[in-house]
Amino acid sequence: MGAGVWVRGFGWRHAGRRGWAVRGVDLRVERGERVLLLGPSGAGKSTLLAALAGLLPEDSGEHEGTIEIDGRPVGEGVGIVFQDPQSQLVMSRSGDDVAFGLENRGVPTGQIWQRVDEALDRVGFPYHRDRPTAALSGGEQQRLALAGVLALRPGLLLLDEPTANLDPAGAALIRAALARAVDADTTLILVEHRVADALPLVDRVVVLEPGGGVRADGPPDTVFAAHGDALAAEGVWVPGRTIPPRRATAPAGEVLLTAERLGQPPRLTPTDLTVRAGEALAVLGPNGAGKSTLALLLGGLLRPGTGRLVASPELAGTDSGTAPHRWRAPALTRRIGSVFQNPEHQFVTGTVFDELALGPRRTGAAEPAVRDRVSELLSRLRLDRLAAANPYTLSGGEARRLSVATALATAPRVLLCDEPTFGQDRRTWRELVDLLADLRDTGNGMVAVTHDAEFVAALADRTLMLAPPATSPEAR
Amino acid sequence: MITLEPIARPGAPLARRNPVAKVAAAMLFVLPLMTTLDPVAPAIAIAVELAVLPLFGVHPGLLARRAWPLLAAAGGILVTLVLFAADRSGRVLLDAGPVVVTTGVLTTALGLILRLFAVALPGVIVFATTDPTDLADALVQNAKAPARFAIGALAAFRLVPLLGQEWQLITMARRARGVEAGRHPIARLRMFVSTAYALLVGAIRRGTRLAVAMDARGFDSGVPRTVARRQRFSAADWLLMVAATATAGATLAVSVVLGTFRPLIG
Chain A
1 MGAGVWVRGF
11 GWRHAGRRGW
21 AVRGVDLRVE
31 RGERVLLLGP
41 SGAGKSTLLA
51 ALAGLLPEDS
61 GEHEGTIEID
71 GRPVGEGVGI
81 VFQDPQSQLV
91 MSRSGDDVAF
101 GLENRGVPTG
111 QIWQRVDEAL
121 DRVGFPYHRD
131 RPTAALSGGE
141 QQRLALAGVL
151 ALRPGLLLLD
161 EPTANLDPAG
171 AALIRAALAR
181 AVDADTTLIL
191 VEHRVADALP
201 LVDRVVVLEP
211 GGGVRADGPP
221 DTVFAAHGDA
231 LAAEGVWVPG
241 RTIPPRRATA
251 PAGEVLLTAE
261 RLGQPPRLTP
271 TDLTVRAGEA
281 LAVLGPNGAG
291 KSTLALLLGG
301 LLRPGTGRLV
311 ASPELAGTDS
321 GTAPHRWRAP
331 ALTRRIGSVF
341 QNPEHQFVTG
351 TVFDELALGP
361 RRTGAAEPAV
371 RDRVSELLSR
381 LRLDRLAAAN
391 PYTLSGGEAR
401 RLSVATALAT
411 APRVLLCDEP
421 TFGQDRRTWR
431 ELVDLLADLR
441 DTGNGMVAVT
451 HDAEFVAALA
461 DRTLMLAPPA
471 TSPEAR
Chain B
1001 MITLEPIARP
1011 GAPLARRNPV
1021 AKVAAAMLFV
1031 LPLMTTLDPV
1041 APAIAIAVEL
1051 AVLPLFGVHP
1061 GLLARRAWPL
1071 LAAAGGILVT
1081 LVLFAADRSG
1091 RVLLDAGPVV
1101 VTTGVLTTAL
1111 GLILRLFAVA
1121 LPGVIVFATT
1131 DPTDLADALV
1141 QNAKAPARFA
1151 IGALAAFRLV
1161 PLLGQEWQLI
1171 TMARRARGVE
1181 AGRHPIARLR
1191 MFVSTAYALL
1201 VGAIRRGTRL
1211 AVAMDARGFD
1221 SGVPRTVARR
1231 QRFSAADWLL
1241 MVAATATAGA
1251 TLAVSVVLGT
1261 FRPLIG
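The listed protein sequences correspond, in order, to chains A and B.
For the first sequence, the numbering used here assigns the number 1 to the initial residue and increments by one for each residue that follows.
For the second sequence, the numbering used here assigns the number 1001 to the initial residue and increments by one for each residue that follows.
This is chain A alone, in the form it adopts within the complex:
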């Protein structure tokens, strides 16, 4: 029941855009082949998947060439799993969500529940089908989304970075579910920039060229032997290429922040820690251990539920003796900077330039000084060309770089980052490590809340492991 795919001279330009999202792609995938689709960001991988899934309506852009799936036009017999589990689930009970696609395809009522149970079983879903979708972890939700697609018995299965939003345990869960659930003759096309994790699932690699066309196509070993260096430089996580670590060059300095039994029941149990000048601290722990809550507490953004946060007199300045969550916002942002997991939560203005100028202006800097600071940050983070762009229109990597830059604009002594490397390509990842290491080496305090083991290995001087939550995941 696998499907063959034949793409000839395909191109797509979104309505209102000057450039083509993808162009000149010729590709033939035989039934049952498993293909990893690679390319630097902006090469049009997601657009090509959307086209194969029949999700590019004729009136939303301009198209060239043809795509045939088993000799038929796109869409039929194709299933697709996206990145974000939250916005893929439709119903509030797990079984109902799997049934949703079957209802849409007109499967007779008598067969629906048998197929639902079969699909849930194939992905190894551990609960009854009445389990509320809201009570599932990200990895479990993504498994459910996979079951919803597999229940439709697609001949072609498309996966658009299905593990990018998950922690390592959740990502491992999805890879295991895929390895076990996909039939030997189902054709698979996968987009995933963590290449090493994807390789066990595929037997062929296709690299798209950003300007158009296909750059390389063949077995993984052959493709990486010929193109590995170029791909790594463009940001693809080519396996077997390590990045040199950036450890602190000097011993840690004075204590800037002290957390004494700092907690927020039930999300975070009381925790002790210190943040020191010239030291990078990594906070690790499983989902639900309260890592993000700890970052908010350390950032003076949340009133502590238990214990207290003490800032050193040097850090607190005129607010010495007051807890950081009581400081006025402009004072806070000069002393402790926070970078949120989702960059878009932090954007306030209409252009990248204003976004970077906001902090310095708020803290009373003179306009020429503001302009100098902004242009320095723009060039340091490769955002010069985007100064006039709207922050909401940036790509994932650009938005991340901007959100770090906005926190740096007010030169805070302590910088807190929540999952700064989440879903980033290798190039942005490297730049972030260098940037944060430079900050630390000039005597700033750094805390990163992260799941990224390589990031910890490259940067952290000290790690703190939070215990798993005492309550069950349902109580969250």
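Simulated from the structure, these hints should not be mistaken for lab results.
The structure displayed is predicted, hence computed values, not measured ones.
Errors might be hidden in some of the hints.
Stated by the list, open to error - A short list of chain B residues far from chain A (calculated; beta carbon distances all over 12 Å): (1) 1035; (2) 1172; (3) 1181; (4) 1202.
What the hints assert, rightly or not - Covered stretches of chain A, as calculated for chain B (at least 3 residues, CB under 8 Å): (5) 62 to 70; (6) 77 to 91; (7) 170 to 178; (8) 342 to 352.
Note that beta-carbon positions come from the ideal geometry of N, C-alpha and C, so glycine has one too.
Given chain A, put chain B in place with the hints provided.
Okay, now just chain B, sitting in the frame of chain A:
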């Protein structure tokens, strides 16, 4: 946190009725009550509503927690009438300068408060005993509502509780950027508008992604849809609607017989 989960014992005889029948019965019961301004008819209606609570499997304490906004509204009505009522007839109970509380004022206030409860409680009871998924299913299967509308609304509804969490995150993220409203009312209003804008942008993005994911699974693609969960509309459901109408009629009749009936128009 907004909770929309049903709070009833699911086995209760009236909670099990078809959701569309429950909504229709609530409306049939309430509409006749709106024609009168007297306090007697709504008082009887409230008595009936409380009497059927056990049949819906709703615990009175849970109902009170769900209905607390009504208590706040009732307090508002009382204060407004005591301060501003034009009709100050009847015996004077309290004379405190400009505020004169008379029996007439209190009777009017009581009538309005009883009406508020009598009209709102059936809705509270119905939604407290109805699973949103069941309601959407019944709307499609029994009331012939388009699936595009009913299932689409249900999917959007599931994202509503996320908005509260997003609002908190955006507010904290802005404080981290040095943006805070402080005490100034105009600054607060501007902050509210810009936070709402950021929330809206995020909500539209998430909604668009959800719509694409639904399309990818064949939603509204022209193929006749089948149903996984059958909703039945039985004789008992018709009976519930008839009983609601008859009780409302009887309530008005009592009010007329007692001579308290005051038609809204005329």
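Going down the list of hints, with the structure as the test:
1. Annotated as non-interface, residue 1035(B) keeps its C-beta farther than 12 Å from every C-beta of chain A; the closest such distance is 38 Å.
2. Not every C-beta of chain A lies more than 12 Å from that of residue 1172(B), the closest at about 4 Å, which undercuts listing it as non-interface.
3. Listed as outside the interface, residue 1181(B) is inconsistent with that label: its C-beta sits roughly 9 Å from the nearest C-beta of chain A, within the 12 Å cut-off.
4. The non-interface label for residue 1202(B) is inconsistent with chain A: the shortest C-beta to C-beta separation is roughly 7 Å, within 12 Å.
5. Coverage of a stretch by a chain is defined here by at least three residues with a beta carbon nearer than 8 Å to that chain's beta carbons; for the segment 62 to 70 of chain A and chain B the count is 0, and the condition is violated.
6. For the segment 77 to 91 of chain A, the proposed coverage by chain B is satisfied: 10 residues have a C-beta within less than 8 Å of a C-beta in that chain, meeting the threshold of three.
7. With a threshold of 8 Å between beta carbons, the proposed coverage of the segment 170 to 178 of chain A by chain B is violated, since 0 of its residues qualify and at least three are required.
8. With 6 residues carrying a beta carbon less than 8 Å from a beta carbon of chain B, the segment 342 to 352 of chain A meets the three-residue requirement, and the given coverage holds.
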